[in-house]
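S.K.: So you can see what is in the structure, the chains are spelled out below.
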Amino acid sequence: MLRFVLRRLALLVPVLVGLSILLFAWLRALPGDPARSMLGQRATPEGIARINEEYGFDEPILTQYFTYMKALLSGDFGQSIKTGEPVTEAFIDKFPATLELGLTALFLAVVVGVPLGYLAARHQGRWLDSFVVSGSLLGVVTPVFFLAILLKLVFADWLDLFPSSQRQDVRIDATHITNFYILDGILTREWDAAWDALLHLALPAIALATIPLAIIVRITRASVSEVLNEDYVRTAEAKGLSTRTVSRRHVLRNALLPVVTTIGLQAGLLFSGAVLTETVFAFDGIGRYLFQAISGRDYPVLQGFILFIALIYALINLLVDVTYGVIDPRVRVS
Amino acid sequence: MRTTVSRAKVLGTVALASAALVLSGCAESERSSDSDGGDEGASGGTFVFAGSAEPVTLDPTFASDGESFRVARQMYEGLVGTEPGTADPAPLLAKSWEVSEDGLTYDFTLETGVKFHDGTDFNAEAVCWNFDRWYNLPESAQTDDLTYYYGKIMRGFATGDRADNALYGGCTADGEDQVQIKLNAPFAGFVSALSLPAFSMQSPAAHEEYQDDSASDPRTTEYSTAHPTGTGPFQFESWERGDRITLTRFDDYWGEAAQIDEAVVVAIPDARARATALQNGEIDGYDLVGPADLKPLEEAGFQIVNREPFNVLYLAFNQAQKPLDDIKVRQAIAHAINKDEVVSASLPEGSQTAIEFMPPVVNGYTEDVTSYEYDPEKAKQLLEEAGAAGASIDFNYPTDVSRPYMPSPEDTFNVLRSQLQAVGLKVKPVANKWDPDYLDKILGTKDHGIHLLGWTGDYNDSDNFVGVFFGGPTSEWGFENQELFDALKDARGLPTIEEQKPAYEQINKDVMDFLPGVPLAHPVPSLAFAPEIQGYQQSPVQDEVWNVISIEE
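Quick note, the sequences are listed as chains R and V, same order. Numbered by the working numbering, the letters in the first sequence go through residues 1 to 334 in order. Numbered by the working numbering, the letters in the second sequence go through residues 335 to 887 in order.
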């Protein structure tokens, strides 16, 4: 197992190097230049030349790449062009927000999605099933930004039930320790702060959860209905085991494998959804920061953040593969 | 079997609970005990304001954007302020001043008993320190993106290629409250320019400790992001990058102390989202209200505050692109435009149509310019004469932006497009995202045709309008007109406002004959506030300080 993990970690290196090359080329190919974005309406040719020289943007792209990689190897991801903040620091600063949002969304998706999918499979062909199937189809095809805007319009704008932006009301004098605002509120027993953070989290989390939720429902349903037709399930039922035991020990456990894969993949995809969701709800996480960096052509931030995200994505996948072994001992061997 | 499971569960729960206990044991609430209101005297409370972008820096010397200035105005003060509600200069840190007859010597008498936020004294010596600092800024900081205003107004620094033009001739402190500033050449706009936040008085001691003017980007140094120190009614508390800036009342303020305890500035780029945030009570006020939000907000009981327009929105011609180099084509387009319709269809109520490139309150404005009244027939005829009937032109406009002079560019574009098509022109729309694509294309390349842009004045000075637009060759306008460039240079150098007046009037006339673009309107910029916010004093040049506002229960 350890060897497996180590080998997978070693494989990450070429992947990240390849990605860094692609990213570098892609960012430089974007129209617009960061100097102009920094200097705005008052930019002068001299100012632009100065910025380009300072950040090395006037060097040949290969030289730029090697300079960047050299710094990267010593752990230096550079500084944001716009704020001067070190990229690593900015990431650490904003990451808890995105993690809080992503975990909540994933939790919603799993906790609602798996049982729904299971129930649909169990009641195949009946109204519950058709309802879940068509509902999930709608969920899969709705773009997350559209849903986010819709939720905001209905629940924040019209009904005024939830806040429309930010992670917490700025008037709340909340203590922040971990930067997970709900957790902070609980730890410091500032219950109003925790509750307010939860309210702020609700709409973005629901928006972000919808697509994974829908996909998890569909995969669970398909996987469970397949297992239900297996011989061993019939055998188990035939030897008189209770429905509960059959479903828990025989059906769910066997049906879960593809579901776990899906959850892992969706967990990684949450990041891309977070860029849009956080932007719509002005939720101060890495997604919003990344969006601002795109608009400002903030190369160091874009490169650094996307590499971090890729790394996390790869690690989640690794985690999924390891989880297989726990669910299905047969996988462990390979 | 069942017992094993539940034991594991119990164990797990116990472990979780104890972990939470341990964690919460070391996590202390840092709330101040008096935060639940009950303050004596002042109205207290937190005022949350939304701008459209995050400030660039907190050292106003290096700022030229409205959002940086907005925050700077709460924390800093200059020698000169503005009369409330106007663009005219008024005493601030300087109680009074006298100008010598030759216009070269300025004697300022300062307010006394003024303290910087770090507890040090504001005095004559501090004033001279600030002027000397600006003048002696290193060459790396002399570029327009860093010291746009100082460079533009004072024309040069101690070193660098503009050193010979530098206006600043030295500062002498006499006692605690007398300062004499010498200029190398007369400059009529000097006092007025000192009202800009770029000329804010900053604490020498704080600079000594935290600022580094020769840093590769002095806008992101420790001072510029975490230790701004001025004399204003609010002092810096914190800046969470990408999210918010928090200011608190400065209790030792020399003037009228702030009534609110705390001011928080957040950035919400989208105008609609700012309106929603206000309606939801997440913010107490915001700037740049979208024209479409004005009515609904007012009907819902929110306050709309209008600034007197101190701006111009124009349709510019890029003469580097054919057929725009032909004066007849430019005149044809000018006659094709119905400015009244542009205003009523795409700008806030109360916006005035424009006849030249500056608003009426600016020195040098004149009614006596060539006006191009709406006349589609004449436009068609002119196009015919120019051999450009049915010509195809690129029309560039920005998306995803609202500027004070251009609240909804897409709407403005649509009105203009239909007017131009009505005279037979083929309009090719080219839409770009405002930042950086649009600005890049318009200001940095020749690759654009007619386009929408505008300007908000920074202080009451004619050069700040026409000089900015037509002071030299640019890729935005794409023309060479040495006569005009020279006339602007000469007008700028005249010693008094009285002498400048006829010069700028002539320039305005010449510009409108040359017709580099069509001035469309002076749109009214609006702010919106929650009903309980009282006393907001708006200003045409956005010199709005929040010590005067209060929050009613």
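Hints were generated in silico from the structure; no laboratory data involved. Note that CB positions come from ideal geometry on N, CA and C, so glycine has one too. Don't take each hint at face value.
Said to hold, decoys possible - On the chain R side, residues computed to face chain V include the following (Cβ under 7 Å):
no. : residue
1   : Gly47
2   : Asn52
3   : Glu53
4   : Glu54
5   : Gly84
6   : Val170
7   : Arg171
S.K.: With reference to the structure, classify each hint as holding or not holding.
M.R.: These are the hints, each one checked on the structure:
A hinted interface residue such as glycine 47(R) counts as satisfied when its beta carbon comes closer than 7 Å to some beta carbon of chain V; here the least separation is about 4 Å, so the hint holds. Against a cut-off of 7 Å between C-beta atoms, the interface hint on asparagine 52(R) is violated, since the closest Cβ of chain V lies about 12 Å away. Evaluation of the glutamate 53(R) hint against chain V yields a violated restraint, the C-beta minimum of about 10 Å exceeding 7 Å. The beta carbon of glutamate 54(R) is positioned within 7 Å of a beta carbon in chain V (closest approach about 6 Å), and the interface hint is therefore held.
Below 7 Å, beta-carbon pairs count as interface contacts, and glycine 84(R) has one with chain V at about 3 Å; its hint therefore holds. Taking 7 Å as the C-beta contact cut-off toward chain V, the hint placing valine 170(R) at the interface holds, the least distance being around 5 Å. Taking 7 Å as the C-beta contact cut-off toward chain V, the hint placing arginine 171(R) at the interface holds, the least distance being around 5 Å.
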